[in-house]
Every structure is written in C-alpha cells, then in structure tokens.
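S.K.: Work the whole structure out from these sequences, hints included.
When we follow this note's numbering, the leftmost residue of the sequence shown carries the number 1, and every step to the right adds one.
Keep in mind that the hints were calculated from the coordinates and are not lab data. Warning: the hint list may mix true and false statements.
Derived DEER-like restraints, expressed as beta-carbon distance ranges [unchecked claim]:
1) Arg33 to Val91: 32 to 38 Å
2) Leu11 to Met145: 26 to 32 Å
3) Met1 to Pro103: 36 to 42 Å
4) Met145 to Ala88: 17 to 23 Å
5) Val141 to Ile84: 29 to 35 Å
6) Val141 to Phe4: 39 to 45 Å
7) Val22 to Gly76: 32 to 38 Å
8) Gly135 to Trp82: 37 to 43 Å
9) Arg52 to Val77: 21 to 27 Å
10) Val159 to Asp40: 17 to 23 Å
Idealized CB from N, CA, C, for every residue including glycine.
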Amino acid sequence: MTKFLLAVHVLAAIVAIGPVTVAASMFPPAARRVLAAPGDERAAETVRLLHRVCRVYAVVGVVVPVFGFATGSAMGVLGDAWLIVSIALTVLAALVLGTLVLPRQEALVEGIDARTGSHAGAGIGAHAGTLTGTGGREATVRLAMLTGVFNLLWATVTVLMIVRPGSTTGA
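M.R.: Structure representation (structure tokens):
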C-alpha cells in the first residue's frame with residue numbers, strides 16, 4: 001500500500017504542481033507582452049489561459065499533500081524533521097500562491113480586460129489603474145519575483161522529498 005500511495009503522491013505532484021509552476025512562470029512575461037501591445041487579443045487570451053491554469057491546478061494540487069500525509073503515515077515518518085520542514089514549506093508555498101500570486105494575476109487580468117475592452121473576466125475594471133504608466137511593468141516584475149519564491153519553495157520541497165536527510169537511501 002505504501003508504494004501505491006507514494007506513486008499517487010508523486011504523480012499528483014507532477015500533474016498538479018508542475019503546470020502551476022510553469023504557467024505561473026509564463027504569466028508575467030505574457031502580461032508584459034499584452035501591456036506592450038494592448039490591442040493584441042491573442043496575447044490577452046494567453047494571459048487569461050495561464051491564469052485559469054494556475055487557478056485550476058492550484059485546487060487540484062490539494063491532492064498532493066493529502067496523499068503525502070497518507071504516504072508519510074504509512075511509512076511512519078510523520079515525525080521526521082525533513083518531513084516537518086517539507087510540510088512547513090508546502091504550507092508556505094500554498095500561502096504564497098493563494099494570497100500573493102493568484103490575486104496579483106487576477107488584478108492584471110482584470111486590468112488587461114478593462115484596458116482591452118474585453119468582458120472575459122469578472123470584476124472588470126476594478127484594477128485597471130495598476131496598468132497605467134510604469135505601474136503595469138512594476139506589477140509584472142513583482143509578480144515574477146513572487147512566482148520565483150513560490151517555485152523555489154516547491155523545488156526545495158522536491159529536493160527534501162528525494163534526499164530525505166537521515167534516510168537509508170544512501171543519499
């Protein structure tokens with residue numbers, strides 16, 4: 001049963017967290033392209049799609065820690081320091097994504113929709129001011145930094161899961 005839980009945990013991480021990290025990383029440069037060419041509807045649709053991917057896979061990603069806890073319990077390692085650190089970093093990554101990255105993406109999408117006259121997003125125009133002057137570029141730079149923090153947290157968790165300090169894998 002442990003091998004099954006571990007396989008599902010790893011597959012869920014690849015399928016759920018992978019797309020979020022990639023789409024979130026692609027979002028800031030895509031938003032900058034829209035800001036540089038506000039009439040480019042295809043570029044605006046790319047930004048909307050990347051945000052949708054991030055939102056959907058963030059929800060799907062909840063499966064990863066659920067199976068992680070089940071796997072850790074089956075392996076009897078829930079009290080190990082490497083796992084506790086991994087759990088703390090996972091919670092921090094989820095907080096960064098849910099409270100910093102996704103809301104900033106949403107604000108940029110709403111601002112782009114307001115600027116392009118599109119009605120694809122909800123609450124259109126609420127954050128249109130974030131895209132005036134250099135504000136849009138600054139917003140995408142801050143978002144890129146926060147996305148990098150999110151990705152770094154996940155990379156650290158991944159390394160901890162592979163290396164598992166004190167494990168018998170010989171690593």
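S.K.: If a hint holds in the structure, say so; if it does not, say that too.
M.R.: Each hint tested on the structure:
no.: 1; hint: Arg33 to Val91: 32 to 38 Å; verdict: 33 Å, holds
no.: 2; hint: Leu11 to Met145: 26 to 32 Å; verdict: 30 Å, holds
no.: 3; hint: Met1 to Pro103: 36 to 42 Å; verdict: 39 Å, holds
no.: 4; hint: Met145 to Ala88: 17 to 23 Å; verdict: 21 Å, holds
no.: 5; hint: Val141 to Ile84: 29 to 35 Å; verdict: 34 Å, holds
no.: 6; hint: Val141 to Phe4: 39 to 45 Å; verdict: 43 Å, holds
no.: 7; hint: Val22 to Gly76: 32 to 38 Å; verdict: 34 Å, holds
no.: 8; hint: Gly135 to Trp82: 37 to 43 Å; verdict: 42 Å, holds
no.: 9; hint: Arg52 to Val77: 21 to 27 Å; verdict: 36 Å, violated
no.: 10; hint: Val159 to Asp40: 17 to 23 Å; verdict: 39 Å, violated
Hints 9, 10, counting from the list given before, are not met by this structure.
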